[in-house]
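Whole structure, please, built from the sequences with the hints as guidance.
All residue numbers for the sequence shown refer to our numbering, where the first residue is 406 and numbers rise by one.
Since the hints were made in silico from the structure, they are not lab data.
Dumping the calculated EDC-like pairs for lysine to aspartate or glutamate here, alpha-carbon to alpha-carbon at most 16 Å:
id, residue 1, residue 2
1, LYS578, ASP623
2, LYS611, ASP623
3, LYS566, ASP525
4, LYS578, GLU624
5, LYS566, GLU456
Since this is a predicted model, take the numbers as computed values, not measurements.
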Amino acid sequence: MIKQPARVLKALLFALLLTVQAVGTASQAPRRRPHRPSRRPSTRPAHAPVEAQWIVPPGTDPFGFGVYHFRKTLELAERPARFVVHVTADNRYQLWVNGERVVWGPARGDLNHWRFETVDLAPHLRAGRNILAAVVWNYGELAPESQVTWRTGFLLQGNTKAEQAANTNESWKAARNPAYAPIPFTHAQMRGYYVVGPGERVDGAKFPWGWETAGFSDEAWATAVPVVPDGRAGGSPRGSQDAPNRWLLVQRTIPLMEERPEADGVGATGCRRERAGGVPHRQDTAHGACWNKGPPAHRSGLPDDGLPGARVQRRRRRGGQDGYAEALYTPSTATSRPDKGDRNEVEGRNSSATMTHRG
Numbered sequence: 406m407i408k409q410p411a412r413v414l415k416a417l418l419f420a421l422l423l424t425v426q427a428v429g430t431a432s433q434a435p436r437r438r439p440h441r442p443s444r445r446p447s448t449r450p451a452h453a454p455v456e457a458q459w460i461v462p463p464g465t466d467p468f469g470f471g472v473y474h475f476r477k478t479l480e481l482a483e484r485p486a487r488f489v490v491h492v493t494a495d496n497r498y499q500l501w502v503n504g505e506r507v508v509w510g511p512a513r514g515d516l517n518h519w520r521f522e523t524v525d526l527a528p529h530l531r532a533g534r535n536i537l538a539a540v541v542w543n544y545g546e547l548a549p550e551s552q553v554t555w556r557t558g559f560l561l562q563g564n565t566k567a568e569q570a571a572n573t574n575e576s577w578k579a580a581r582n583p584a585y586a587p588i589p590f591t592h593a594q595m596r597g598y599y600v601v602g603p604g605e606r607v608d609g610a611k612f613p614w615g616w617e618t619a620g621f622s623d624e625a626w627a628t629a630v631p632v633v634p635d636g637r638a639g640g641s642p643r644g645s646q647d648a649p650n651r652w653l654l655v656q657r658t659i660p661l662m663e664e665r666p667e668a669d670g671v672g673a674t675g676c677r678r679e680r681a682g683g684v685p686h687r688q689d690t691a692h693g694a695c696w697n698k699g700p701p702a703h704r705s706g707l708p709d710d711g712l713p714g715a716r717v718q719r720r721r722r723r724g725g726q727d728g729y730a731e732a733l734y735t736p737s738t739a740t741s742r743p744d745k746g747d748r749n750e751v752e753g754r755n756s757s758a759t760m761t762h763r764g
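Pasting the structure below:
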């Protein structure tokens, strides 16, 4: 009866001895420090905007609907060979140089990946006085479903010291465009899921015509101000620690959009298809386009240049009227609403047009 507990105690003492030896051996081995990088690896894109400030006109409602204009006078001793800038805005922007539209965006992203465009302004600059101008709009709570946003703001940064005279800061002037008012559109009006932005009503009498040109006077415009105070309006690249604001900047990764006017039929390889109803298209030698033989008010052309992208048709007609083809759609019936469907298909589609009298 006594031998069994003694045998168990002996086994426990032996196990304890082995444990002590293992600990002693481990304590004599050289210790390896855990690997720590010398500094946090930076994910900052090359030449990301970091010194310019996000700016707005004074008194801007940061979250409401608004269209805003910005101008900067840039004096150059000579025309530069290169003048690269990085530009972005919230929600959207267009940048003009000496009256020419140069770039627009930004590419879609989110607040943690806010895109900026990089563009060389040199081809649009000249020795002497130059005007950089931008329009920025914020749809506020009426913004399209795809539009991520924080608040209204505009940012432009020169790529190197030579271009940083263009940086957005208090050297820019800014003003709200009073001509614009939103036309809200709801799910109820659509009778379905509605995800695009509002319409716009523009009062031409209030519009600052020529705002992007050198001849426009911006004396009545205010000095631009930072979007947020206390030094928190600077550009913050993606990967920044303790970024001062919500926009974390990354460079646009897709090509810039391209737009170019083309005369009817230029580069066209022929008509896409016959129009529904058996009305054949023909090549109109006067216009160089594919036209159907219907009445002039219903003529439609669908030239195919073989290139990917969206084609918007605008036709000037007698009497000073413009036709603007917005989309191809299948006409409504008694049981269905108009439907765009597959945009590569043109048979049976009509071209919606808004006619505006130009005098």
